[in-house]
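Number of protein chains: 2
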Amino acid sequence: MEAVVLLSGGIDSTVCAAIAGRTSGFNQVAGLNILYGQRHSKESGAAEAIAGHLGLRVFKSITLPNELFKDAGSSLMDSASDIPYGPYPDNVGPASTYVPFRNGNLISIATAYALKLGAGTIYFGAHAEDALNWAYPDCTPEFLGAMKNAVWVGTYHKVRLITPLEWLTKADIIALGNKLGAPFELTWSCYQGDAKACGQCATCLSRLAAFKANGLDDPIPYQSDLEGGNV
Amino acid sequence: MEAVVLLSGGIDSTVCAAIAGRTSGFNQVAGLNILYGQRHSKESGAAEAIAGHLGLRVFKSITLPNELFKDAGSSLMDSASDIPYGPYPDNVGPASTYVPFRNGNLISIATAYALKLGAGTIYFGAHAEDALNWAYPDCTPEFLGAMKNAVWVGTYHKVRLITPLEWLTKADIIALGNKLGAPFELTWSCYQGDAKACGQCATCLSRLAAFKANGLDDPIPYQSDLEGGNV
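Protein chains in written order, with the working numbering: chain A, 1 to 231; chain B, 1 to 231.
Calculated from the structure, these hints are not laboratory results. Among the clues, some could well be false.
Unchecked claim - With a straight-line cut-off of 27 Å between C-alpha atoms, the simulated DSS-like cross-links for lysine-lysine are:
id, chain 1, residue 1, chain 2, residue 2
1, B, K70, A, K60
2, A, K212, A, K42
3, A, K70, B, K158
4, A, K196, A, K70
5, A, K158, B, K70
6, B, K148, A, K158
Unchecked claim - Have a look at the derived ranges for each label pair, beta carbon to beta carbon:
id, chain 1, residue 1, chain 2, residue 2, range
7, A, Q28, B, P141, 32 to 40 Å
8, A, L35, B, W167, 35 to 43 Å
9, A, A209, B, E67, 37 to 45 Å
10, A, G181, B, G52, 54 to 62 Å
11, A, E142, B, W167, 21 to 29 Å
12, B, R160, A, L132, 20 to 28 Å
13, B, K70, A, E67, 15 to 23 Å
14, B, D217, A, Q28, 50 to 58 Å
15, A, L132, B, H53, 42 to 50 Å
16, A, S41, B, G93, 38 to 46 Å
17, A, G86, B, K179, 51 to 59 Å
18, A, E185, B, W167, 52 to 60 Å
19, A, T63, B, D217, 40 to 48 Å
Glycine included, every Cβ here is placed at the ideal spot set by N, Cα and C.
With the hints as constraints, model all of the structure from the sequences given.
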């Protein structure tokens, strides 16, 4: 096995999986999905379908103890808090949907898994707009750079962390994924985790705008086509 | 709460807890113990006793899914592999007891936990001899430096990773802990995880030599006083 892709089932990780497959061969890639108690655990089924569609050699799902991230004030984890509607706010600092040091944990688990499989690379799909205004501090180039060093040194130079979307906008990622044949119709992004995507939370708005910027339709169904703006 | 100490129940983390308590007040410190499937899970009971003895405000134990680190070739995890007797070998590279990227995982979990408690510091007890010859690449100053950056940036400057034993030998740590009144009699180090410490694995030999270098007796019982060299 050559590579492990952190595969959430969203757009960014799906495009990462397509990049990894084109680089190493799809039968040399393992998709790793991690359930950490998020509301939108529906992503996990999407991740499995995407791994199957792309022909990844392995799909593995790991469930973490709920207590790791619960009750830390993240609206992504605690059903008592509402997921905010509308785009990400302009103020500087973590979004209400920031899950405490989630990506440090996900990358560390992926590193252990890569060592077990003998895979020399991990792909992680953080992108430029995640980092904007420090909405997700654990998506910034500064964080990712530090983790790249930690992974490389802490594995005795056996595993390298690769973040091919680090400097791309969501619209750039849609364009790239479209070129690579990423199965966008199988992805799930909405934070709400209902039957259909809400079309109103920050992550729905972000993907809708990114498809539109490319002159494309978002192929997934939304709760209301009017609200989704997809008609 | 001011600080979280990763408390394995061994000597290093016990001395770290004593340092954290002297710095912040023992009632401002939480001890975090993580069970990751290690053979010597007996350490966990030791950790709890140490937290009680020191008067830490909180003792929390988290059990990770076994699959995270199993079957990755570490003799610390897989009962099919033997724990080697004798001191750490002289060759350069990871010891057979290296658990894949374990410390990246432990530090990441502690960071999430610190954010939840509102604690601004994490103490982690890696020491200079862990790093020697890259026996544990995830104990080296290079790894710890990278993780310090990752933790600081990835928490939006809310949590700082502190490693007060990074440049100390085991003998230095015994001397320091002795001065601070660390309860060495409650600690557990042996990798074998039997009723009494084996006195022959690398970690037993290391602590026995370190007590001896300080003109002290190791207060824990060994399987054979002759083998343990403690008489």
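Cβ-Cβ distance between G86 of chain A and K179 of chain B: within 51 to 59 Å?
-> holds (57 Å)
Measuring from beta carbon to beta carbon, are A209 of chain A and E67 of chain B in 37 to 45 Å?
-> Once the Cβ atoms are compared, 39 Å apart, the range 37 to 45 Å for E67 of chain B and A209 of chain A holds.
Starting from K158 of chain A, check that the Cα of K70 of chain B is at most 27 Å away, please.
-> holds (18 Å)
Does the alpha-carbon distance linking K70 of chain B and K60 of chain A stay inside the 27 Å limit?
-> holds (14 Å)
20 to 28 Å as the expected CB spacing between L132 of chain A and R160 of chain B, which holds or is violated | Holds, at about 25 Å.
If you draw a straight line from the CA of K148 of chain B to the CA of K158 of chain A, is it 27 Å or shorter?
-> Holds. K148 of chain B to K158 of chain A sits at ~21 Å (cutoff 27 Å).
Straight-line Cα separation of K212 of chain A and K42 of chain A no greater than 27 Å?
-> Given pair K212 of chain A, K42 of chain A holds - Cα atoms ~24 Å apart, limit 27 Å.
Is K196 of chain A within 27 Å of K70 of chain A, Cα to Cα?
-> With Cα atoms ~25 Å apart, K196 of chain A and K70 of chain A stay inside 27 Å; holds.
Does the Cβ pair L35 of chain A, W167 of chain B satisfy 35 to 43 Å?
-> For W167 of chain B against L35 of chain A, whose Cβ atoms are near 39 Å apart, the range 35 to 43 Å holds.
When you take the CB atoms of L132 of chain A and H53 of chain B, is the distance between them in 42 to 50 Å?
-> holds (48 Å)
Quick one: are K70 of chain B and E67 of chain A within 15 to 23 Å, going by C-beta?
-> holds (21 Å)
With respect to the beta-carbon atoms only, verify the hint that S41 of chain A and G93 of chain B lie 38 to 46 Å apart.
-> holds (39 Å)
Of the hints listed earlier, there is not a single one the structure fails to meet.
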